[in-house]
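Asker: Construct all of the structure, not just a fragment, from the sequences and the given hints.
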Amino acid sequence: MPLANYIRDIQGFPKEGILFKDITPLLIDPKARKECLDILVSSLKGKKIDKVIGVESRGFFFGMLIAQELNVGFVPVRKPNKLPYDTISASYELEYGTDSLEIHIDAIRKGDRVLIHDDVLATGGTAKAVCELVEQLGGEIVQLNFLMELSFLNGREKIKGYDVFAAMTY
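For what it's worth, the working numbering labels the leading residue of the sequence shown as 58, then goes sequentially.
Cβ pair distances, simulated, as ranges: (1) 73 with 128: 41 to 51 Å; (2) 76 with 104: 25 to 35 Å; (3) 66 with 88: 17 to 27 Å; (4) 85 with 168: 32 to 42 Å.
Please keep in mind that the hints were generated in silico from the structure rather than gathered at the bench. Only a predicted model underlies this, so the values are computations on that prediction, with no experimental measurement involved. From the three backbone atoms N, C-alpha and C, an ideal C-beta is built for every residue, glycine too.
Answerer: The following block contains the structure:
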């Protein structure tokens, strides 16, 4: 089952000049969703994970499923002012602007082995910011995994030195 068949292209979203990869058809289809989860989890064989981070917002979908499958904690990383407790933050650049992300200060403990999950690896800015947050809290990044990588945007350059996995590459 080619997962790419369940990704819909939306031209001009969220702004003109962007080709958005919509994962909604993948989420709707239970067989495709299970296949995708199996691929993401199989990339972790032999790796000890204590926590899975899901990056707002589309990283929450499979991030939570992966955490459930591994029987480990799930940590949301969110946009500013969305988390109710004390946070730290990191800023990053998107292919269409700038933003920042926050994590609760007690979400990762020193020595926690962390999987970072997001839907897309594009320019690498979001992933790099999340890595900074995890490391600032004393966590060890085991792997960054993504539903898809937009390889033409060279996002891996910003996260060199980390183990990176993508279920699909464009």
